[in-house]
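Peer 1: Residue numbers (the UniProt record's numbering), protein chains in the order written: chain D, 1 to 739; chain X, 1 to 316.
The hints are simulated quantities; they were obtained by calculation from the structure and are not laboratory data. Treat the hints with care, as some may be off.
[To be verified] SDA-like mimics (lysine to any residue), calculated; alpha carbons at most 25 Å apart, straight line: (1) Lys331(D) to Gly410(D); (2) Lys730(D) to Ala235(X); (3) Lys291(X) to Asp142(X); (4) Lys267(D) to Pro87(D); (5) Lys291(X) to His734(D); (6) Lys106(X) to Val668(D); (7) Lys250(X) to Trp436(D); (8) Lys730(D) to Ala297(X); (9) Lys301(X) to Ala431(D); (10) Lys2(X) to Asp133(D); (11) Lys730(D) to Asp295(X); (12) Lys72(D) to Ile42(X).
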Amino acid sequence: MKFDTPAGQNPIDQLKVVGRATDRIDGKYKTTGTAPYAYERHDVVPNQAYGYVLGAAIPKGRVRAIHVEAAKAAPGVLAVVTTLETPRLERGTMNAAYLFGGDAIQHYHQAIAVVVAETFEQARAAAFLVRVDYAAEAGRFDLAAEAGAAKPVPGDSGEGSGGDGIERVGDFEGAFAAAPVTLDATYTTADESHAMMEPHATVAAWEGDTLTLWTSNQMIGWGHGSIAKILGIPKEKVRLDSPYVGGGFGGKLFVRADAVLAALGAKASGRPVKVALTRPLIANNTTHRPATIQRVRIGATQDGQITAIAHESTSGNLADGSPETAVNQTKLLYAGANRLTAMKLAHLDLPEGNAMRAPGEAPGLMVLEVAMDEMAEKLRLDPVEFRIRNDTQTDPKTPGRRFSQRDLVGCLRLGADKFGWSRRNPTPGQARDGSWLVGMGMAAAFRNNLVMKSGARVRLDDRGTVTVETDMTDIGTGSYTIIAQTAAEMMGVTLDRVVVRLGDSAFPVSAGSGGQFGGNSATSGVYAACVKLREAVAQRLGINSVDAVFAEGEVRSGNRAVPLGEAAAQGPLSAEDTITFAGLDKTYQQSTFGAHFVEVGVDVDTAEVRVRRMLAVCAAGRILNPKSARSQVIGGMTMGTGAALMEELAVDTRRGFFANHDLAGYEVPVHADIPHQEVIFLDEVDPVSSPMKAKGVGELGICGVGAAVANAVYNATGVRVRDYPITLDKLLDHMPDAA
Amino acid sequence: MKSFTYERPTDPAEAAAAVARNPNAKFIAGGTNLLDLMKLQIETPTHLVDVNGLGLDTVEPTPEGGLRIGALVRNTDLAADARVRKDYGVLSRALLAGASGQLRNKATTAGNLLQRTRCPYFYDTAQACNKRQPGSGCSALDGVSRSLAVIGASQACIATHPGDMAVAMRVLDATVETVDAGGNARKIEIADFHRLPGDKPEVDTTLKPGELITAVTLPAPRAGTHLYRKVRDRASYAYALVSVAAILGKDGRGAVAFGGVAHKPWRVEAAEADLPKGAKAVTDQVFAGAKPTHDNAYKLKLAERTLGAALNQARA
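When you get a sec, could you build the whole thing from the sequences and use the hints?
Peer 2: Below is the structure:
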């Protein structure tokens, strides 16, 4: 199905199943421990052995020799595969770092060997016996030190944000110089780790020249092609299966060392092999969100109209790596005739920087929305009002190009009302509750809405059961449930008549889970397949498909009502289709919007920051399942709070690695950090986006929330910290005297 | 994890003897720290002596009016003990500020005293660390040191004792009771139990090889407000950046020990007379000679302000 004109009335609009708060259909498996994650696929193939990955102990240089004799002789060891005996393997799609092969070390904990043994403990113990000789080389690890040499480069997050190295509209410098009120401030954001609960993990088995990987991956289509490319085997000889994923956040968009080394270990040992990356390897072996240095300049008239806005970001990466697209939202969020955005990239020899939940917008809005707060204060304007005054209904660069839907102002107004924003004292450092300095902050949320080609197959059996198959993944987002809701709505059955099977590369290729495009795109693919199945059903029953009504497990036409399953009495009916999107995403700017409001307390003595309550109001098209959508948004708000207050991969700039590479050192918020969260979705449909009239929400929740926290800290204390995370040591010297 | 042998004796002296005769043996109680370290081969004992069969798991009154806490009393049970809650609130609060419920259910009194540092370089076997591998150097000195020691450290090591319980025991003037392989009992003042790194950072305590902790005794209760204030980056399940264990009267008189700042719970009794003058008068003395790194210099101000908060609380 080609989607190239805005959706009209369609069966989804019945909203009998879609749009209703629905428990996850996979929830009972996850809460009872019966949803098998990759490392637990004990039943899929017998005789599994265990692989343990050894990471490089230097950040840059060459491996001279790897001594494996002792490891090979250790109890239970079946095989040792080293990088020196393996030619350098190709890279997967959109990756900068090589995963394995050859003697070059690009970053700390790059995989250099896998030890395969009968048990995990034997493999791990043997890995400690491997001795490696290195020729270390000097590297560059300090973004601040390298920023001066950074060059403007184009970049694309692959997830909906990107552009040229420098983009200009009008005359920024002239307008900024002429503006009566200006702000020029520089901020930094930290390297962050996805820190998902389930580590990267794979079971690999060869049958002749055919490889099966039971793995944990967000993007089966990408992974399928990448693993074939990396291993140099035909795609047809590879199968990936990833029905359950214990969190990804962008860290599992790509094939990682677990999959590659499980495959190589299985080949070498002649046994199926399972490999999980250990927690330290997740920080330094895989990808992370790169740190940024961002400068924002805003010029405005006395009454708060923005006349000039510039946002420049510098980040670092390995050779062939991309910049963090942190300036993207600044092209679209606010009006202003004169604009400049720039992305610069410095070469660093740290592990690869790549996509993490809302790449670009997440760190970009952490900065832009603090700059807006600072500018509002200079203008003596309420920060909500300042944003409303600078709303735009068109792409500022191309004024003829409208947003498909944009109700940022509605989000801001409703949020301010519900949160009690009018009770905020605009003068910072005034509100007190016992030993807590209390402050409120807000920020706009913005994230582009991508639409991606997505396929599905739908099958009807004689009992009236509808089975959906697509390689779409559920990474904790609720894909299973919204896909079931879509099929149930389309075929006129209840949810318990729908079976959803996901994550298998044998199924039609879907959009996958990334860039908050998965939910809307994958359900649209299911919609397309169901439209075909409805036609096939009508044809089988001799009913004109235009007249057919699918409801309550029946197909009805005129006075006739036939149980749906009867259409499959002579054998199952199957239909497959792929939705493709053509043009509307170019004609219209499609984005999602929101407003975050946060109240924090800052301990007057210790400067500890604790969030007291949070509200997000979101305008993101039709909400397919308000329950799982809310979970997505509060998860984003939690992750954004972590970025604002504690999350930082601490760079050892001498030794060239992230030193705090476990969950004791890399702190993410715990329950006690997040006391009260509320989410409101505006009642919105966006027929330009898809037949589902939905958009993404998986990343909107993280966008801007960090800035709202930062602005609340400022309102509480009067201290403006421009370097994330806002830990107490950065506040302490500026705190008022405790009384 | 390397392979190891295992035994579970029933007599304390027998347990001590088992460890004393094998330089590669270690005691194991709750295992909440040791097992993690063994998996990473930071600790590589070839023999484990399980002390969970020794009893030593009760809290009893002493003739002096104090409490004798068995070495194997679990953190959860100790924190919940009615006598501890009533008379030694600083200890109960410190225990509950540590780790998580699940860990406290396993962790023991003696094991908690013996937990090892959380310095990131101690945990990465590819990096130099004198505590893990004597003579290899200290990566933390010019590395990531935000959480590490500001005082009492050396050029060989700037690790901290990461615990909370020991800080409370320090302000309570606790005594550690031990038994050795010969069955001889010994008492070690808590002040002398943990050592400073000096040029032997691999040695955390003054215990002799094979010497087994049997109990910790607390003297008769000390009057005053018992406070434990743990400052950290998140609200729960994090190590202290700085902690303050204090017993304070309304006039400010009392005792105070600091956690998260040194290789041992840090207390300077001579400074305590100045508590009524306010926090700065005390911390100027307590932290005289401090040598913080660029990353952890904030701890000095933080310690002062946290003590100030404790004094305010006691006076309120």
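Peer 1: Each of the hints needs a verdict: does it hold here or not?
Peer 2: For each hint, the structure was consulted:
| no. | hint | result |
| --- | --- | --- |
| 1 | Lys331(D) to Gly410(D) | 21 Å, holds |
| 2 | Lys730(D) to Ala235(X) | 18 Å, holds |
| 3 | Lys291(X) to Asp142(X) | 13 Å, holds |
| 4 | Lys267(D) to Pro87(D) | 15 Å, holds |
| 5 | Lys291(X) to His734(D) | 22 Å, holds |
| 6 | Lys106(X) to Val668(D) | 24 Å, holds |
| 7 | Lys250(X) to Trp436(D) | 22 Å, holds |
| 8 | Lys730(D) to Ala297(X) | 11 Å, holds |
| 9 | Lys301(X) to Ala431(D) | 24 Å, holds |
| 10 | Lys2(X) to Asp133(D) | 23 Å, holds |
| 11 | Lys730(D) to Asp295(X) | 11 Å, holds |
| 12 | Lys72(D) to Ile42(X) | 22 Å, holds |
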